[in-house]
Amino acid sequence: MKLTLKIWRQKGANDKGKMVDYNISDVSPDMSFLEMLDVLNTQLIETGDEPVAFDHDCREGICGMCSLYINGEAHGPDRAVTTCQLHMRKFKDGDTIYIEPFRAKAFPVIKDLVVDRSAFDRVQHAGGFISINTSGNTQDANAIPINKENADKAFDAATCIGCGACVATCKNSSAMLYVSAKVSQFALLPQGQVEATDRVLNMVKQMDEEGFGNCTNTGACEVECPKGISLENIARMNTEFLKASLKG
Amino acid sequence: MATLDSKTPKGPIADKWTNHKNKINLVNPANKRLIDVIVVGTGLAGGSAAATLAELGYNVKAFCFQDSPRRAHSIAAQGGINAAKNYQGDGDSTYRLFYDTVKGGDYRSREANVYRLAEVSANIIDQCVAQGVPFARDYGGLLDNRSFGGVLVSRTFYAKGQTGQQLLLGAYSAMNRQIGRGKIKMYNRHEMLDVVIVDGKARGIIARNLITGEIERHSAHAVVLGTGGYGNVFFLSTNAMGSNVTAAWKAHKKGAYFANPCYTQIHPTCIPVSGDHQSKLTLMSESLRNDGRIWVPKKIEDTLAIREGKLKPTEIAEEDRDYYLERRYPAFGNLVPRDVASRAAKERCDAGFGVNSTGEAVYLDFASAIDRYGKEQATIKGLDTNDAALVKKLGQEVVKNKYGNLFQMYEKIVDENPYETPMMIYPAVHYTMGGIWVDYNLMTTVPGLYAIGEANFSDHGANRLGASALMQGLADGYFVLPYTIGDYLADDIRTGPISTETPEFDEAEKSVRTTIDKLVNNNGTKSVDYFHKRLGKIMWNKVGMSRNEQGLKEAIEEISALRAEFYNDVRVPGEANEFNEELAKAGRVADFLELGELFAKDALNRTESCGGHFREESVELDGPQKGEALRNDKEFAYVAAWEYKGEPKDAVLHKEDLEFNDIELKQRSYK
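The listed protein sequences correspond, in order, to chains F and Z.
Mapping the first sequence onto the numbering used here, position 150 (from 1) lands on 156, and the numbers just tick up by one.
Mapping the second sequence onto the numbering used here, position 101 (from 1) lands on 1341, and the numbers just tick up by one.
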């Protein structure tokens, strides 16, 4: 396959940045999208150019490090995958592909396609945990049976990989899906009840301080989420938040 | 050649850990506030250690090269975590987990460490549930288990195919609590480039800020490495792209012995290589072997027809299939340990029965599991068990519930539907049992420098059993290191803060800068990946699944030559003082080029076959075990710990003799 790539290049956080065109040939449909970028980078390095910076690590869709806005969609045209799991067979010979970073006020660009998602970490520092000491002197793991349906729902929420696609795709740059996934996980488990009030209030407060936008229930986040995190979690967080506010 | 002292406590094996904990020095809570600890790496081992040390009161500085601690590669572990809970009442016990792990490791691990691991395993599950880790549960609300290779009980706890993710997020949440309290200072996107030794003790690190390129000095009273394994020396592996040996290798160069580098786990169930562009390999969890059956055609003409696309695997009759693991190992069948399964796949493919175009793939087939589950569901629901379409549909639903994400991952990569046609798999480099040598306290040969998790060598011998890596990472980080490090730090309560303005820090920083400048100004013609791929090919072909004297000698020469070529011709674009991924990669590959040679040297020294290390010269020639790996306990029941002496070829061997008092050394039979 031969492709034209239009890629966002930005030297640093304070640089203005622009789209630059690249031509690439010998792309195999079996390559992953990031392997295609590897080929481009090898070309650039060997001809004396600077390679395109992009985040990636596990390349199997679980670490959440890779991002990219491809042809106007977070993680590209395929559904339920991260960019590293997107394969070139989803494109056609001769296609032009637009590649941009995840864009949001809370995710400043570091270089080219690499953005700073540390705002996500700070939301977790505010309450994304159960305050249990790691001494191991806890009760037996089977002491509290947990209804399978709730355990499964908590698991589904907990599969969020923190990639930020929800924020990138949201017209308001809202992080509600991300934050609600963690709030839901703990809200659905008996172990999470003790701190439920503080957790939701603190996490939401931090989310707002980081500059994420509000949720207007458009649902784009759910569509683009590589892990299929459900909008139901946002509803659950809103309930938790309301309960906590009334108590508070 | 010196003998190493493991400092294993005396007494009966079941009491060693308890007695040791009772006797070691403690640091009182007020004094812990005066002590700084650096933890490098935030995977299961590093993350859990950082959280626990901070909770105990130490001031922790944690480092990771990723943009968040949550992205460490432990996140990709799929299948599960072992624990001797005996919830299933199937005869499990601490002793049995200990026994299985030592046997699985082909009697090359340290007995006392493994017993301790088995002993604390049950605590891990309690701890994680209390943290909100959503393990799989049954309809009664209790925890579910499954079975993994090399064992005869169900002791593996899991969260679908994302167990590593859930456990890591648990450790990450424990870290977040401490970061929020200010007890952990987190340094994301930082790479450790050297250990600083002051008066013979590890007192800090030199790190590069990967965003700005700045070289930073960080001091502490002790340094803990939870920096993972070195499988990426093969270029293609199931490791993340960034997984590297740099921290461990720098520690080695500063005096930490490197133990058993040749012990590498080649995992039997990975998606086969599809072409030269391939950047990494994807694992299909071992848990799939609970239900999947591995086979190749019996007839060579069927194999050829499959490769040419003239025949589909589903069209091959049952009697024309060779379920070679069930044939060779009737007792364990498809659940033999990983090293055995990998070699068996290679044997069939080398004999010409590989089922894809490259001849390097075997089938992992779920048809009989789908049928079995389907009939069970039909019976439960009172439906017709003879309705084939219905049975298949019901069976597929069960399989989807158990392994859905893995099947989806497979389909995305290979573009085939594994519910309808068997998966194709082939062995790939996955885990390294070798690593930095540590004593019973997890301290390396450098005082104050510790290694935990995959980065050390101690618990898995020459082969790791499935679901034991997560167990070891968390055991080391939550329950072992936080105790044992106190014994060392008890001497440091009056030391006060460690200054970074000392000649030792000056020198370490200078050496880091020199290396970086050399790479950036090299102006060669080839990319870093070019060299990394070539190194990987040498490793895979000559130091891979089977090894022989001639190949290993060639590998040593070739790697040494490649290293020289690398320094001569590598091209690293960009500058040192900016975000520069090629520069970071170049530093990592430079270290792999040294480690690779030591790896081959270690493999050459060990003329026996054991676990993942298979020497073609050492096989059983007769009897029921004919063709199986032949261990040599008389000459090789030791840990090979290498001391750095300038070049890998000059490394000096030190031995730690392995004693087995509680387990009889036996031929490892899974037949």
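Treat the hints as calculated values from the structure; they're not laboratory data.
Just so you know, these numbers come straight off a predicted model, no measurement behind them.
Where is the CB? At the ideal position from N, CA and C, for every residue including glycine.
Be careful, since some hints might not be right.
[Said to hold, decoys possible] Residues of chain Z clear of chain F, computed beta-carbon distances all greater than 12 Å:
(1) Leu-1382
(2) Pro-1743
(3) Tyr-1910
[Said to hold, decoys possible] Taking lysine-lysine pairs in the DSSO-like style, the calculated list, with each CA pair at most 27 Å apart, reads:
(4) Z:Lys-1256 to Z:Lys-1793
(5) Z:Lys-1758 to F:Lys-17
(6) Z:Lys-1906 to Z:Lys-1889
(7) F:Lys-17 to Z:Lys-1777
(8) F:Lys-211 to Z:Lys-1441
(9) F:Lys-98 to Z:Lys-1652
(10) Z:Lys-1889 to Z:Lys-1866
(11) Z:Lys-1758 to Z:Lys-1889
(12) Z:Lys-1889 to F:Lys-17
(13) F:Lys-154 to Z:Lys-1825
(14) Z:Lys-1615 to Z:Lys-1552
(15) Z:Lys-1889 to F:Lys-154
(16) F:Lys-12 to Z:Lys-1652
How the hints compare with the structure:
no., hint, in the structure
1, Leu-1382, "violated (5 Å)"
2, Pro-1743, "holds (34 Å)"
3, Tyr-1910, "holds (29 Å)"
4, Z:Lys-1256 to Z:Lys-1793, "violated (42 Å)"
5, Z:Lys-1758 to F:Lys-17, "holds (23 Å)"
6, Z:Lys-1906 to Z:Lys-1889, "violated (33 Å)"
7, F:Lys-17 to Z:Lys-1777, "violated (35 Å)"
8, F:Lys-211 to Z:Lys-1441, "violated (44 Å)"
9, F:Lys-98 to Z:Lys-1652, "holds (17 Å)"
10, Z:Lys-1889 to Z:Lys-1866, "violated (35 Å)"
11, Z:Lys-1758 to Z:Lys-1889, "holds (23 Å)"
12, Z:Lys-1889 to F:Lys-17, "violated (42 Å)"
13, F:Lys-154 to Z:Lys-1825, "violated (45 Å)"
14, Z:Lys-1615 to Z:Lys-1552, "holds (25 Å)"
15, Z:Lys-1889 to F:Lys-154, "violated (57 Å)"
16, F:Lys-12 to Z:Lys-1652, "holds (25 Å)"
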